[in-house]
Amino acid sequence: MTPLIVIAAALVLLIVFVIGIYNSLVGLRNQVDNSWSQIDVQLKRRHDLIPNLVETAKGYMQHERGTFEAITEARSKAMGAKSVSEASKAEGALGEALSKFMLVVENYPDLKANQNFLAVQEELTGTENRISFARQSYNDQVLFFNNKTQMFPSNMVANMFSFSKRDFFELESSTEREVPKVSFS
Amino acid sequence: MWELIRANKRNSVILMALMVVVLLLLGYVIGSIFDPAGGFLMPRQQMQSPRVIQTNYAGFWGMAFAATLWFILMIVSFSSGDHILLNASNAKLVTHDEYPQLFNVVEEMKIAAGLPAIPKVYLIPDPAPNAFATGRSPKSASVAVTAGLLGRLNRDQLQGVIAHEMSHILHRDILYVTLAGIMLGSIVLISQVFLRSMFYSSMGSRRRYSSGGKNAGQAQLIMLVIAIIAAIVAPIMAYLLYFALSRKREYLADAGAARLTRYPEGLAGALEKIAGDPSPQLAAANKVTAPMYIVNPFKKARSMKLSDLTSTHPPISERIKILRSMSSGVSFKDYSDSYTRITHHKTIVPAAALTKEDIALRQAGAEAKDKQRTEQMRQVGDIMRKINQFVFLTCLCGLKLKIPPNFKSDKVQCPRCKRIIDLPAK
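So the protein sequences, as listed, match chains L and Z. Take the first sequence: its letter number 168 is residue 211 in my numbering, and every next letter is one higher. Take the second sequence: its letter number 202 is residue 206 in my numbering, and every next letter is one higher.
FYI, nobody ran anything at the bench for these hints, they're computed from the structure. Do not rely on the hints blindly, as some may be mistaken.
[Claimed, not checked] Below, computed lysine-lysine pairings styled on DSS-like, alpha-carbon distance capped at 25 Å:
| id | chain 1 | residue 1 | chain 2 | residue 2 |
| --- | --- | --- | --- | --- |
| 1 | Z | Lys13 | Z | Lys143 |
| 2 | L | Lys191 | Z | Lys337 |
| 3 | L | Lys87 | Z | Lys124 |
| 4 | Z | Lys390 | Z | Lys415 |
| 5 | L | Lys208 | L | Lys125 |
| 6 | Z | Lys96 | Z | Lys412 |
| 7 | L | Lys155 | Z | Lys390 |
| 8 | Z | Lys422 | Z | Lys412 |
| 9 | Z | Lys124 | Z | Lys13 |
| 10 | Z | Lys337 | Z | Lys350 |
| 11 | Z | Lys252 | Z | Lys143 |
| 12 | L | Lys155 | Z | Lys404 |
If we strip away everything but chain Z, and leave its shape as in the complex, we get (with noise of 0.2 Å):
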């Protein structure tokens, strides 16, 4: 355990530091072009003269202000980026009394990881069923899952989910995703801002770069290509760096919901059931933030050879395959074994938590039953109403009335049998 964290803040590390590389070089060279030396942005005179060989400072400006960006960004997400996040889905916290069995769950899944912290548990009002956690640190996460997700799993399948997301936060990859994503982000705005500011400029004057002295003109129209195909490539490059190493997450944190739970069909049978759903997909998802769900959270996948490498998640097939053959045990070696069998890949578990640990499988207690769709569905939609403070009346006739928080009048006719009913004062 302890050495797979240690292996994943490695690779987050190394990660980080290629992106860095990335982003500054994209400055740099982005830079470069405005440099007031060479600069097609100057009057004639001065371009004609031999600074151009001088030292490129306007590339440095580049950087650092690319260094800038992402250092605001950074503090921004920082301070508030798990806020912003969970705004941004419209999630609503839920504590014990509103919905006990997501709560249990979430705590016997704390104790099983041995956090330091329950992590606040967040209710997303979307019938497509997803998951995520967010947060910088173990003990400051945060976990969410879609009303959809909790209107369709039994309760062992809601066990492996919380256990995924759980171990994404065990595994500090809260931590990186959050740190990733806004070098991806940077990286994305600054070549976007770039490429479109010479789009709009060379529509409006052309004539820039075609009347400058002979020599400088041509080293311009150099460094102006370079930067041009460096604006395109970095954030591809980007991308895949990103995409490449949330993949292998997504794989670890099977792994690791399956050494929690000591149960991989729960969250096999949780995968098979998102996956055969046919909700539109999650409204509240970008490309950035969806290595963050438990399964993707964009439907429409293009021709399979791209989506292999611009997938942030692996193919919902293979990971049910891969969990539902780990028979000897649930140990990340077993895990890992399985993995091969499965895709007849190397192994994705780095080598340090391969030690051999004997864990076995717990068998599954009496059958764990689905209830009534509908009427599962019915208790989360009711659920969703006590968090947003609806008010639950019985009319005599037995019909339940749920009354929003913003209704005006203090009393309310029962649609099936005519009553007036008094509403509880406020």
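Chain L on its own, in the form it takes in the complex (with noise of 0.2 Å):
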């Protein structure tokens, strides 16, 4: 008889701490889901903000076309990327142009006194800095659920209901990484 009670209790005590586990994987999966949408807010809102900054821009620059296009086309392409590597490698491309763009601006103090444009920079300014504290907090999170399925034991209930380990939102681009805050202020 006693053995037979140690057994049960031994059994429910295993399922209780897999239960456990498998909602803490749970929960961090969710925080990670939660956190890329953080990001997909803000380069959407990056998006959104392009056309603004191009239209204030193009009446002073009339010269500087090669730049608008290499914008509007890292735009298009980031806006079409679907999984979240290639996501990472179309945004660094935007980002890139982003910063050429605003390299050239320097030649302009005309728009750089403009009021509209200076709305436009901070509002950008603001943007990329979310978009990289946003990544900055999901690779967090994305660090936190893979040690989590890869460290013993929690990573045999992670096997047993197949919970993947997630990409890391990573920038392509070398320049991108050294300066990863594009500051106009």
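Join the two chains, each given in its own frame, into one complex according to the hints.
Quick look at the structure:
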């Protein structure tokens, strides 16, 4: 009789333990998804701002057709991106195009003093920062989640219910990595 | 991060428990004096009765009174504590339209901290550069900055300050300051009322103490002395407890800010500017709310030794040095190492949060230029006016007019070219 009770108790404990790990894994995965959606929101914001930026700057910078085209193209590519790794790549390129554009702006003092442009610029700075901070927080979450899915004993539960590890949101271009923040102020 | 929050919660509970003990003891001791059994407030014949040694009910009444007072204050401050504080500082709510940069910076830090909601942003019309966070939980928090702060800092520095406040919210310091502040307030209130009433009643009827039955009178006198000592010592103890922990939390919020922004220099630069500022001290600040601010709102530091114990904030110069010597990374571990290097004290970061995190510093972007100081101050002033519903007009001669909302007439004369301008209908 007693061994039976012991075995039953052990089984119940084990089940409770597995349930606990399973729930924490689900919680972490949802957090990862949530922080990804945060990035997504900010990326959309960036995409929406670009036409504005181009519109304000166009009148002042008629000779910089190439820069504008680069931005517009990078934007449409980024908007079409499907997976995390694809999006990382496309957004990296867009960020690079934007910072090149901002370098060119330095040569147009009239534009730099324009109130509308200053407002768009502040919005863009804010958005760039938001993206980099959202990326930062997403990567922290992914690290946490991946650790949990790969470390013993939670990895067993993760394998059982097929929790797969997530991709980091890395920036492809090396220049962007050196200067992750676009500061115009 | 979570380890730190957990450790912080535990520390808060310990501190609160200690303060509760101090509060209840104080209530008990003070209550005991009013014990009718041995009481000097009662007629003589009763005093000589042998009931002196009986259970001290009055002591428990005192305790109950202290607890009730604390409870009431607690309810008040829980339901509207942040509003009281914000109203007292005359803070005005800011939206994105009125001040995009400030609002953007707050949202950036909210994202970095992973808070569930954007804190409400307030602007305080005060030239002293300072900032604070308040509220009960990360879901319903507020951040307030002074106009003086906005007028002086560049974007990166503002980000550092907001990150510091965001860390207070994230570490649940805002709740702790509210709770501990009320506790401290109740203790101070009770002892002040008691000491004052003692002072006046002893002036009025000195005879009461001397003319008791001999034994009862003596016991009473001893009780009284104990109560007076308790009433003097209890607030001091509560203050020291409160300040010791709030100093530590200030360091931790700095560490949190460095971690969130990945850029310790932003906050360091901000602190440097604030420290070097000649403005008078913040108008709406007192000793109990002081720990909420990013730097101590009281300028005058007394003698060095005393201010070490009683100040709510660590010395600014030390905070700057610690932030600037973080060269290898921005995790809590890096801050802690840097702290030990500068102060030669043991770490202030809870051991559980000291796990090795490999977070690199962010490189400064294009060197953030400081705008012209007067220009920036003027912009902040205009924003203040916009919030206060001033009407902005530009005269044909180019002069900008800023008309206060309580301006009665519907025409105004330009002070430069003497033209009469019609005000837009409200």
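Exercise for the section: Could you check the structure against the hints above and give me the numbers of any it violates, in ascending order? Expected result: none
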